[in-house]
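K.L.:
If you want the building blocks of each chain, they are given just below.
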Amino acid sequence: KQEVTQIPAALSVPEGENLVLNCSFTDSAIYNLQWFRQDPGKGLTSLLLIQSSQREQTSGRLNASLDKSSGRSTLYIAASQPGDSATYLCAVLTGGGNKLTFGTGTQLKVEL
Amino acid sequence: EAGVAQSPRYKIIEKRQSVAFWCNPISGHATLYWYQQILGQGPKLLIQFQNNGVVDDSQLPKDRFSAERLKGVDSTLKIQPAKLEDSAVYLCASSLERHTEAFFGQGTRLTVV
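Protein sequences appear in the order of chains A and B. Numbering follows our numbering, with no gaps: position 107 of the first sequence is 104. If you want our numbering, it's the position in the second sequence, counting the first as 1, plus 20.
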């Protein structure tokens, strides 16, 4: 059974800092890994998708890396802004039933 | 392109009542997911459809939850009777094919009192 863990559970940083969010998973037989953003009371917004054959993906100030063999992914946010405050979730798509399994998220607060 | 549509956005019911949620996936998306997200937790898969067939419903409490996807497009999720612990956000997602990017709707926040 796939298990996904995200560390830290919560993070508070001053504006302008670069930061790293971590995601680990137990079953390395994945098809892809997705990072999502969730604002309070809202649904999930897809940020980045990394296929199992890829090492990283970039979108603007976001960079996600994937080390499938060690079961780890990181989301790097450069020059953080207050608008980045949200909960960040990672999810892995695992073979067999093609189940998308989520971590519990990292709640990020970027302060002025 | 239009996103995943869900309704209603909010619902408050008393325990033992029934409730239904509706989801319209992105046009052409074959895979549809229903997730339950309890406050402070990550989403948990309830059921996954591929077109109008069920791929995975292993975590669906079948004594009270049911879901269908008629004609392989829209889907409804029903709870009957509701319990207090069903209070959560119910998220619908769709993807073009089985291994592609998943897109989520805004969710339905259910409160059972």
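Among these hints, one or two may not hold up.
[Unchecked claim] Subject to a maximum C-alpha distance of 30 Å in a straight line, what follows is the list of computed DSSO-like cross-link-like pairs (lysine-lysine): (1) Lys65(A) - Lys96(A); (2) Lys98(B) - Lys106(A); (3) Lys65(A) - Lys64(B); (4) Lys96(A) - Lys103(B); (5) Lys82(B) - Lys106(A); (6) Lys39(A) - Lys31(B); (7) Lys35(B) - Lys82(B); (8) Lys(-2)(A) - Lys96(A); (9) Lys106(A) - Lys64(B); (10) Lys(-2)(A) - Lys39(A); (11) Lys65(A) - Lys(-2)(A); (12) Lys39(A) - Lys98(B); (13) Lys98(B) - Lys82(B); (14) Lys64(B) - Lys(-2)(A).
[What the hints assert, rightly or not] FRET-style restraints, in silico, Cβ to Cβ: (15) Gln51(A) - Arg118(B): 15 to 21 Å; (16) Asp24(A) - Glu117(B): 36 to 42 Å; (17) Lys64(B) - Tyr28(A): 17 to 23 Å; (18) Lys106(A) - Ser86(B): 26 to 32 Å.
[As the list claims (entries may be wrong)] Covered stretches of chain A (chain B as the covering partner; in silico rule of three or more C-beta atoms under 8 Å from a C-beta of chain B): (19) 25 to 32; (20) 41 to 52; (21) 98 to 105.
Derived by calculation from the structure, the hints in this document are not laboratory data. No experiment lies behind these values; they were computed from the predicted model shown. In this text, a Cβ means the ideal position worked out from N, Cα and C, and glycines have one as well.
K.L.:
All hints, please: hold or fail.
P.N.:
Right, here's what the structure says about each hint:
Distance restraint check for Lys65(A) and Lys96(A): the Cα-Cα separation of roughly 17 Å lies within the 30 Å cut-off, and the hinted pair is therefore satisfied. As the CA atoms of Lys98(B) and Lys106(A) are separated by approximately 35 Å, the hinted pair breaks the 30 Å bound. For a cut-off of 30 Å, the pair hint linking Lys65(A) to Lys64(B) stands: about 22 Å separates their Cα positions. At roughly 26 Å between alpha-carbon atoms, Lys96(A) and Lys103(B) fall within 30 Å of each other, so this suggested pair holds.
Proximity of Lys82(B) to Lys106(A) is assessed by CA-CA distance (about 38 Å); at most 30 Å being required, the pair is judged violated. In summary, the hint linking Lys39(A) to Lys31(B) is supported, as the alpha carbons are separated by about 15 Å, within the 30 Å threshold. With a C-alpha separation of about 17 Å, the suggested pairing of Lys35(B) with Lys82(B) holds against the 30 Å cut-off. Taking the CA atoms of Lys(-2)(A) and Lys96(A), the gap is near 10 Å; set against the 30 Å cutoff, the hint holds.
For a cut-off of 30 Å, the pair hint linking Lys106(A) to Lys64(B) stands: about 24 Å separates their Cα positions. Using a Cα cut-off of 30 Å, the hinted pair Lys(-2)(A) and Lys39(A) holds, with the two alpha carbons roughly 28 Å apart. In summary, the hint linking Lys65(A) to Lys(-2)(A) is supported, as the alpha carbons are separated by about 16 Å, within the 30 Å threshold. Using a Cα cut-off of 30 Å, the hinted pair Lys39(A) and Lys98(B) holds, with the two alpha carbons roughly 21 Å apart.
Proximity of Lys98(B) to Lys82(B) is assessed by CA-CA distance (about 10 Å); at most 30 Å being required, the pair is judged to hold. For the given pair, Lys64(B) sits about 13 Å from Lys(-2)(A) by alpha-carbon distance, which is consistent with the 30 Å threshold. Restraint check, Gln51(A) to Arg118(B): a C-beta distance of roughly 18 Å satisfies the suggested window 15 to 21 Å. Here the CB-CB span from Asp24(A) to Glu117(B) is close to 21 Å, at odds with the stated 36 to 42 Å.
In this structure, Lys64(B) and Tyr28(A) meet the distance hint of 17 to 23 Å, their C-beta atoms being roughly 19 Å apart. Checked against the hint of 26 to 32 Å, the C-beta distance between Lys106(A) and Ser86(B) comes to roughly 39 Å, which is inconsistent with it. Given a C-beta distance limit of less than 8 Å, the hint that chain B covers the region 25 to 32 of chain A holds, as 3 residues qualify and 3 suffice. Counting residues of the region 41 to 52 of chain A whose beta carbon lies closer than 8 Å to any beta carbon of chain B gives 4, which meets the minimum of three for the stated coverage.
Note: the region 98 to 105 of chain A has 5 residues with beta-carbon separation from chain B under 8 Å; the three-residue rule is met and the coverage holds.
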